[in-house]
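Colleague: Below are the chains, spelled out letter by letter.
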Amino acid sequence: MRALIFVEHSNGVVSENAFEMLLLAKSIGAECHGLICTGDAGAAQALGTQLTGFDAVSAVADPTVGHYNPEAVLIALKAAVETQAPDVVMTSYSTAGVDLAAGLAVRSERPMLGYVTDLELNSGGLSATSQVYGGKLTAKTDLPLPAVTTVMPGARKAGSLSGAAPAVTMLKPDLSGARTRVREIITPDNSSGVNLGNADMIFCVGRALGGTEKLPLAEALAAALKAELAGSRPVIDAGWLPKIRQVGKSGTKVKPKLYLMAGVSGAPEHLEGMESSELIIAINSDEQAPIFRKAHYGTACDMFQLIPALTERLNSGNS
Amino acid sequence: MHIAVILRLNPVLTDELELTEGGKDIDREWIGFELNPMDDQALEQSVLLKEAHGAKVTAIAAEAEGGERLLRTALARGVDDVLLISNKKDDDAPPPSSRARTPLLVEAIKQVKPDLVITGILSTDDLYGELAPQLAACLNWPQASAVSDVRLDGMVLTVRQEYAGGMAALIEMDLPAVIGLQTAASPPRYVAGSKLRDLLNTKVPEMEASAEFAEDLSEATTLNLPDTSGGAEMIEGDAKSVAARIHEILMERGLV
Ligand SMILES: Cc1cc2nc3c(=O)[nH]c(=O)nc-3n(C[C@H](O)[C@H](O)[C@H](O)COP(=O)(O)OP(=O)(O)OC[C@H]3O[C@@H](n4cnc5c(N)ncnc54)[C@H](O)[C@@H]3O)c2cc1C
Ligand SMILES: Nc1ncnc2c1ncn2[C@@H]1O[C@H](COP(=O)(O)O)[C@@H](O)[C@H]1O
Numbered sequence: 001m002r003a004l005i006f007v008e009h010s011n012g013v014v015s016e017n018a019f020e021m022l023l024l025a026k027s028i029g030a031e032c033h034g035l036i037c038t039g040d041a042g043a044a045q046a047l048g049t050q051l052t053g054f055d056a057v058s059a060v061a062d063p064t065v066g067h068y069n070p071e072a073v074l075i076a077l078k079a080a081v082e083t084q085a086p087d088v089v090m091t092s093y094s095t096a097g098v099d100l101a102a103g104l105a106v107r108s109e110r111p112m113l114g115y116v117t118d119l120e121l122n123s124g125g126l127s128a129t130s131q132v133y134g135g136k137l138t139a140k141t142d143l144p145l146p147a148v149t150t151v152m153p154g155a156r157k158a159g160s161l162s163g164a165a166p167a168v169t170m171l172k173p174d175l176s177g178a179r180t181r182v183r184e185i186i187t188p189d190n191s192s193g194v195n196l197g198n199a200d201m202i203f204c205v206g207r208a209l210g211g212t213e214k215l216p217l218a219e220a221l222a223a224a225l226k227a228e229l230a231g232s233r234p235v236i237d238a239g240w241l242p243k244i245r246q247v248g249k250s251g252t253k254v255k256p257k258l259y260l261m262a263g264v265s266g267a268p269e270h271l272e273g274m275e276s277s278e279l280i281i282a283i284n285s286d287e288q289a290p291i292f293r294k295a296h297y298g299t300a301c302d303m304f305q306l307i308p309a310l311t312e313r314l315n316s317g318n319s
Numbered sequence: 001m002h003i004a005v006i007l008r009l010n011p012v013l014t015d016e017l018e019l020t021e022g023g024k025d026i027d028r029e030w031i032g033f034e035l036n037p038m039d040d041q042a043l044e045q046s047v048l049l050k051e052a053h054g055a056k057v058t059a060i061a062a063e064a065e066g067g068e069r070l071l072r073t074a075l076a077r078g079v080d081d082v083l084l085i086s087n088k089k090d091d092d093a094p095p096p097s098s099r100a101r102t103p104l105l106v107e108a109i110k111q112v113k114p115d116l117v118i119t120g121i122l123s124t125d126d127l128y129g130e131l132a133p134q135l136a137a138c139l140n141w142p143q144a145s146a147v148s149d150v151r152l153d154g155m156v157l158t159v160r161q162e163y164a165g166g167m168a169a170l171i172e173m174d175l176p177a178v179i180g181l182q183t184a185a186s187p188p189r190y191v192a193g194s195k196l197r198d199l200l201n202t203k204v205p206e207m208e209a210s211a212e213f214a215e216d217l218s219e220a221t222t223l224n225l226p227d228t229s230g231g232a233e234m235i236e237g238d239a240k241s242v243a244a245r246i247h248e249i250l251m252e253r254g255l256v
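The listed protein sequences derive, respectively, from chains L and W. Residue 7 in this note's numbering sits at position 7 of the first sequence; the count goes up by one each step and never skips. Residue 68 in this note's numbering sits at position 68 of the second sequence; the count goes up by one each step and never skips.
Where hints are given, some of them may not hold.
Unchecked claim - Subject to a maximum C-alpha distance of 20 Å in a straight line, what follows is the list of computed SDA-like cross-link-like pairs (lysine to any residue):
(1) W:K24 to L:V132
(2) L:K294 to W:S229
(3) L:K226 to W:E252
(4) L:K294 to W:G231
(5) W:K24 to L:P144
(6) L:K226 to W:I249
(7) W:K240 to L:D302
(8) W:K24 to L:T138
(9) W:K50 to W:D174
(10) L:K257 to W:I249
(11) L:K214 to W:Y190
(12) L:K214 to W:P187
(13) L:K78 to W:L139
(14) L:K226 to W:L255
(15) L:K257 to W:M251
(16) L:K255 to L:S276
(17) W:K240 to L:N315
(18) L:K255 to W:G166
(19) L:K140 to W:P96
(20) L:K140 to W:S123
(21) L:K257 to W:R245
(22) L:K257 to W:E252
(23) L:K226 to W:E248
(24) L:K226 to W:G254
(25) L:K140 to W:L17
(26) W:K110 to W:S210
(27) L:K294 to W:L225
(28) L:K253 to W:G165
(29) L:K294 to W:T228
(30) L:K157 to L:I28
(31) L:K140 to W:K24
(32) L:K78 to W:C138
(33) L:K255 to W:G165
(34) L:K253 to W:Y163
(35) W:K240 to L:G317
(36) L:K140 to W:T20
(37) W:K240 to L:T311
(38) L:K140 to W:D25
In short, the hints are calculated from the structure, not lab data.
Isolated chain L (complex conformation) (with noise of 0.2 Å):
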C-alpha cells in the first residue's frame, strides 16, 4: 500500500493537516510519500527537511507553484502520481484539496471520496469513513483502489513521527501549459483591531440570526458576557457581520474559555474553527443539530427566547 500525500505549507512552514494525513495513512500501513510544490529548490529543501515520519518525498519546485496555482500544481500533482503510482492520495480537504482531488480523480480515472475522517484496511481496498450532509450523517464506503480521497482536518491528532527526513527527490513536470496566474496574496486586515483568535469569551451568531434586525438582541447578550460577537460564514456572507467576526475553516481559528453558540448548526467548516474551545454551549432548536455532538451544553430552545432571557438573567445576576 502506498499513499501519496499533497503537502501544503505557509510562510514556509509545513502545514498540520499533512502530519495528520501520515498518521491517517500509517494506520492502514502505508508507505508515505509526500509530494511539496514550491518556487525554488531551497524552499523545497527547507520544507522537506520537516517532514520526519515520510518515507519519501518528492518536490517540484517552479516559479509558477511559488505560491499555490490551482492548474499548475493539479499538473505536478498528475506527474507525481504517474511515477509513484500511489494506491491512495489523500489532501486535505482545504481550498487547495477542492481544487486538486476531484480534478485529479477524473483525469487520472481513478474513484474519489470526500470529507474522509477514517480510513481503514479490508479485503478489496479500503473502507472509508466520511462526514456528509453538513456533518449530520456519517457514509461508510468501500472504496477500491487506487482512488482519491480529501480528509477532513483532525481525522488524526497531528503529531510528527519520529525519525529523520527523507531526502527530496526533485521532479520537472512541464507547468508551461498552465492558463493560470497568481497575481496578488491578500493577508487578512486587522485594522479594525477585533481579534478573536486571542478573545476569551465569545458569542457566535450563525444564519438562524435571520438579518440585521435581530443583530441589536445579539450584541445586548455579548455586551452582558463581555464577550465578542462572532459569525458563522452565512453571517459575514449575508453581510450582517464584517469578516473579521467570522470563525471557521476560512475564517478565525479561536480557543476561548467560553464558546456560546446561537442559531449555528455545527457543519464541519465552523467546528474546524472552534472545536478545541474549553466551553462550548450550543442553542439550536434542532435536536439532531451536528453542534450537540461537539458542545459541553446544549439546548434545543428557541434563540429569539432564550437569547433575550439569558441577558436579562446576566444583567441582573451581575448588578
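Starting from the structure of chain L, add chain W with the ligands where the hints point.
Modeller: Then chain W with the ligands, alone, in the frame of chain L:
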C-alpha cells in the same frame, strides 16, 4: 460573454433527516429541498457579471424533480436563458451525485458554449467530488474553487480564492474557465413572489443528453446517523429556566 451557471437542489438540513431502509439514501418523502446555498451565490454572481459586463447568462440544472421551478427562480433572478437536462434515473435510485451527473452537464455545456461556467463550491449531499473541478477536468479548462470575488476583463478572469485563516489570492485565468463559487460579491437578491408567479407558465427548455451517468461509489456507500452518546448535556425547560441554568454554569466556572 456567455456565462453558464449550474444549479442543484439540496435537502434542507434544518429538517430532521431519516434514512431509507438499508441506508443507501436519506428519506426524501417529507423533507424540503432548496437551491443549494452555494449555487445560490453562484447564481447571484452570474447576474452581477451580467449587469456589469452585459454578459448573457444561461442557468442549467439536471434535477429529476423540481428542476423547472428551480430554473424559473433563476429567470426571476435575472438570467437570460435556462436549460433543463432530462434526468431519467429510475424512481427508486438515489439522485445521481455530481460525479454521476458530470457527463450530462459536460454535454450541456458543450451545447451552450459558454466562456465561463460558475457553480457552487460544493453540495452537502455529495461525497464523490465537488462539481467545478470535475467539469474543468472533463473540459480541460482552468478552474478555481473557494472563490469569493470575480472580475472580468475581456477574455481574462480574475478571481479571489480564499484559504485558511483569512488568507486569499487574486488569481488570473484565461477563459474559458470554471469556478466553484463560495460567496458572491453581494448577497443573493430578493425576488418578489409576484415575479415568480408571472413565470409560472413559462416553458422551460429541456434537452435529452446522450451521455450516460458516470459511475460513482453510491452502491458501495451506506449512510448512518452518527452516534450522539458522549455529546452535549442537554438543558431542558422554558427560556427562563434554561437561562438560569446557563447562568449557573457560567458562575460555577467563574466566567461571569
Ligand atoms: C470551503 C468552505 C469553507 C467554509 N468556511 C466556513 C467558515 O469559516 N465558517 C463557517 O461558519 N462556515 C464555513 N463554511 C460553511 C459551512 O459549510 C456551513 O454552511 C455554515 O457553517 C453553516 O452556517 P450556520 O450554522 O450558521 O447555518 P445553518 O447550517 O443554516 O444552521 C442554522 C442553524 O440554526 C438553527 N435554528 C434555526 N432557527 C433557530 C431558532 N429559532 N433557535 C435556535 N436555533 C435555530 C437550525 O436548526 C440550524 O441548525 C465553509 C464552507 C466551505 C465549503
Ligand atoms: N506551492 C504551494 N503548493 C501548495 N499549497 C501552497 C503552496 N503555497 C502556498 N500554499 C497554500 O496556499 C495557502 C496560502 O499560502 P501562503 O500565501 O503561502 O500563506 C496556504 O493554505 C498554503 O498551505
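Colleague: Confirm or reject each hint.
Modeller: Hint by hint, here is what the structure shows:
| no. | hint | verdict |
| --- | --- | --- |
| 1 | W:K24 to L:V132 | 13 Å, holds |
| 2 | L:K294 to W:S229 | 11 Å, holds |
| 3 | L:K226 to W:E252 | 17 Å, holds |
| 4 | L:K294 to W:G231 | 6 Å, holds |
| 5 | W:K24 to L:P144 | 18 Å, holds |
| 6 | L:K226 to W:I249 | 16 Å, holds |
| 7 | W:K240 to L:D302 | 11 Å, holds |
| 8 | W:K24 to L:T138 | 12 Å, holds |
| 9 | W:K50 to W:D174 | 18 Å, holds |
| 10 | L:K257 to W:I249 | 13 Å, holds |
| 11 | L:K214 to W:Y190 | 18 Å, holds |
| 12 | L:K214 to W:P187 | 18 Å, holds |
| 13 | L:K78 to W:L139 | 16 Å, holds |
| 14 | L:K226 to W:L255 | 10 Å, holds |
| 15 | L:K257 to W:M251 | 13 Å, holds |
| 16 | L:K255 to L:S276 | 6 Å, holds |
| 17 | W:K240 to L:N315 | 14 Å, holds |
| 18 | L:K255 to W:G166 | 16 Å, holds |
| 19 | L:K140 to W:P96 | 18 Å, holds |
| 20 | L:K140 to W:S123 | 18 Å, holds |
| 21 | L:K257 to W:R245 | 18 Å, holds |
| 22 | L:K257 to W:E252 | 13 Å, holds |
| 23 | L:K226 to W:E248 | 16 Å, holds |
| 24 | L:K226 to W:G254 | 13 Å, holds |
| 25 | L:K140 to W:L17 | 17 Å, holds |
| 26 | W:K110 to W:S210 | 12 Å, holds |
| 27 | L:K294 to W:L225 | 15 Å, holds |
| 28 | L:K253 to W:G165 | 7 Å, holds |
| 29 | L:K294 to W:T228 | 10 Å, holds |
| 30 | L:K157 to L:I28 | 16 Å, holds |
| 31 | L:K140 to W:K24 | 10 Å, holds |
| 32 | L:K78 to W:C138 | 15 Å, holds |
| 33 | L:K255 to W:G165 | 14 Å, holds |
| 34 | L:K253 to W:Y163 | 13 Å, holds |
| 35 | W:K240 to L:G317 | 13 Å, holds |
| 36 | L:K140 to W:T20 | 15 Å, holds |
| 37 | W:K240 to L:T311 | 11 Å, holds |
| 38 | L:K140 to W:D25 | 12 Å, holds |
Comparing the model with each numbered hint stated earlier shows that all of them hold.
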